[in-house]
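J.: Sequence:
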Amino acid sequence: MAIIGELLKTAIEFTDKFIKEPDPVQAQQEVLHQLLTKAQNTAFGKHYDFEKILSNPDIAQAFARTVPVFDYDGLEREWWHRVVAGENDITWPGATRYLALSSGTTSHSKTIPVTDDMLDAIRRSGMQQVAALAHFNLPATFYGKEILMLGSSTALKDINGHLAGEISGISASNIPSWFEGYYRPGKEIASISDFDERVKEIAKQAPNWDIGGLSGIPAWIELMLKEVIRYHGLKNIHEIWPNLTVYTTGGVAFEPYRKSLEKLLAYPLVYIDTYLASEGFLAMQKRPDTSAMALVVDNGIYFEFVPFEEQYITEDGGVVPDAKVIGLADVEENKDYVLLISTVSGTWRYAIGDTVMFTDKSRCEIKISGRTKQFLNVAGSQLSVIQMNAGIQEIQNRFNIAIHEFIVATIHRGEELIDRWYISTDKEVDRAEVAQALDQYLKDNNKNYAVARTRALKDVEVVTVPVEHFYKWSEEKKKLGGQVKIPRVMKEEQFLEWEDFVKHLS
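Here numbering that gives the first Met the number 0 is used: the first residue of the sequence shown is 0, the next is one more, and so on.
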């Protein structure tokens with residue numbers, strides 16, 4: 000196996016040397032042309048006259064002028080309900096075999112078409128990520144080891160002749176044959192619907208595997224590692240998987256989980272971030288000296304950006320009809336943008352719900368700065384999820400605690416507006432002291448928050464609860480699974496429901 004590892008490492012490094020990064024703007028123009036050309040005879044393409052758009056000298060401008068911005072509800076109401084009903088050639092040519100079910104964090108469940116072209120694009124993006132491993136100087140012993148992918152169940156259900164499940168389950172059920180020898184937990188265990196039962200079976204089989212890499216959402220990877228350690232009476236996971244080297248994370252920001260995860264390891268891993276959404280493989284980390292991810296600009300996804308500014312955003316986090324929309328060539332670094340995508344799954348000018356910030360425009364590198372509906376701005380504080388995560392990281396370091404999850408809301412306390420944070424900690428802390436430290440950090444690092452604290456936002460409170468409360472809340476909302484995300488920000492009405500739920504657990 001050592002010889003195989005050396006050969007694989009050499010092959011990947013050799014391949015990477017000959018992969019030329021495309022010109023991003025040109026690549027995006029080509030992707031848009033390909034999308035419009037292939038979809039011009041669909042019901043959507045005929046309705047918006049893609050043929051005419053393609054005849055325009057500036058197809059990007061014509062596309063933006065002709066096709067409106069959609070959110071999920073708009074696309075589902077006007078077009079995707081026909082796809083789900085089993086009609087062909089609606090927003091993408093041919094039949095749609097798969098439907099991605101996404102519970103999300105802020106809205107009702109979504110049913111998103113996944114075409115064969117999208118699955119091919121996801122596989123190609125996966126190969127790009129494999130090639131990018133050459134930049135991380137991984138030991139040869141890593142190559143040839145097994146990869147444990149903890150996602151949703153591959154036991155897909157039937158909806159009107161479609162195979163439906165979460166995107167990680169759909170992807171795992173379509174892994175290429177050459178990868179099956181490296182893929183764990185394997186198709187049989189991956190098909191177990193109950194998450195807890197799946198994790199228990201993984202724990203039983205753990206000694207039979209030589210795991211070199213992990214992939215999955217941090218919260219569920221951590222739960223799985225804890226179960227393996229508990230089941231076998233270990234001090235850390237490296238006692239059973241000594242070659243574990245890489246963790247490919249995604250779905251949520253990793254930093255809030257790093258401290259607690261590393262307590263389960265003998266030594267830190269190489270962490271590589273990805274942006275695989277139900278709508279496609281959007282970006283990946285390609286180099287070790289940044290945690291930012293490079294957009295996949297040449298593989299079936301066309302990106303547009305709406306400046307995340309008050310005049311362009313509706314009260315509920317949507318995009319106003321006449322919002323300013325720009326292409327990749329015109330974005331600026333260190334500004335928040337609402338992300339729009341058009342894809343080979345028949346997604347058109349779709350506001351995915353995330354906001355991104357470019358950290359390096361020349362490399363098309365981004366960080367996910369938040370959700371359009373998860374910015375805390377009731378009292379004018381304009382706090383993004385990135386800033387919240389940074390504040391939580393500061394608290395972890397200052398008080399030497401691990402915070403697995405948190406939820407925050409701006410609520411009324413009598414006639415006053417306050418921010419109340421619920422955080423999970425691994426040991427007792429002085430809540431008033433934590434609240435003061437968190438408040439001060441946010442004031443020091445966000446001028447809008449600092450101003451809000453002198454005006455409408457009168458106080459900050461911190462409540463500590465066991466991490467299990469967060470997961471039980473998710474389970475109660477029927478969101479437990481590989482793709483679940485704990486909402487970071489809640490509106491007051493939902494937050495009061497959360498508080499009532501917590502009280503009943505106490």
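No wet-lab data here; the hints were simulated from the structure. Just so you know, these numbers come straight off a predicted model, no measurement behind them. Backbone N, C-alpha and C define an ideal beta-carbon position, used for all residues, glycine too. Treat each hint with caution, since some may be false.
[Unchecked claim] Derived CB-CB ranges, DEER-like:
| hint | residue 1 | residue 2 | range |
| --- | --- | --- | --- |
| 1 | VAL269 | ASP443 | 29 to 39 Å |
| 2 | GLU414 | LEU504 | 43 to 53 Å |
| 3 | GLU77 | SER192 | 41 to 51 Å |
[Unchecked claim] Here are the computed lysine to any residue pairs in the SDA-like style, where the Cα-Cα straight-line distance is at most 25 Å:
| hint | residue 1 | residue 2 |
| --- | --- | --- |
| 4 | LYS203 | HIS161 |
| 5 | LYS446 | ASP288 |
| 6 | LYS45 | ALA94 |
| 7 | LYS262 | GLU75 |
| 8 | LYS323 | SER290 |
| 9 | LYS199 | ILE158 |
| 10 | LYS457 | GLN493 |
| 11 | LYS442 | ALA401 |
| 12 | LYS203 | GLU308 |
| 13 | LYS426 | PHE500 |
| 14 | LYS426 | LYS323 |
| 15 | LYS446 | ASP335 |
| 16 | LYS156 | GLU75 |
| 17 | LYS471 | LEU263 |
| 18 | LYS258 | LYS457 |
| 19 | LYS156 | PRO241 |
| 20 | LYS234 | ILE146 |
| 21 | LYS490 | LYS426 |
| 22 | LYS457 | LYS360 |
| 23 | LYS366 | LYS471 |
| 24 | LYS360 | ALA84 |
| 25 | LYS323 | LEU263 |
| 26 | LYS262 | ASN235 |
| 27 | LYS457 | ARG430 |
J.: Compare the structure with each hint and give your call.
T.: Here is how each hint holds up against the structure:
no., hint, verdict
1, VAL269 - ASP443: 29 to 39 Å, "holds (32 Å)"
2, GLU414 - LEU504: 43 to 53 Å, "violated (29 Å)"
3, GLU77 - SER192: 41 to 51 Å, "violated (33 Å)"
4, LYS203 - HIS161, "violated (33 Å)"
5, LYS446 - ASP288, "violated (28 Å)"
6, LYS45 - ALA94, "holds (17 Å)"
7, LYS262 - GLU75, "violated (43 Å)"
8, LYS323 - SER290, "violated (29 Å)"
9, LYS199 - ILE158, "violated (29 Å)"
10, LYS457 - GLN493, "holds (21 Å)"
11, LYS442 - ALA401, "holds (22 Å)"
12, LYS203 - GLU308, "violated (51 Å)"
13, LYS426 - PHE500, "holds (22 Å)"
14, LYS426 - LYS323, "violated (47 Å)"
15, LYS446 - ASP335, "holds (16 Å)"
16, LYS156 - GLU75, "holds (20 Å)"
17, LYS471 - LEU263, "holds (22 Å)"
18, LYS258 - LYS457, "violated (31 Å)"
19, LYS156 - PRO241, "violated (37 Å)"
20, LYS234 - ILE146, "holds (22 Å)"
21, LYS490 - LYS426, "violated (28 Å)"
22, LYS457 - LYS360, "violated (38 Å)"
23, LYS366 - LYS471, "violated (29 Å)"
24, LYS360 - ALA84, "violated (41 Å)"
25, LYS323 - LEU263, "violated (46 Å)"
26, LYS262 - ASN235, "holds (8 Å)"
27, LYS457 - ARG430, "holds (17 Å)"
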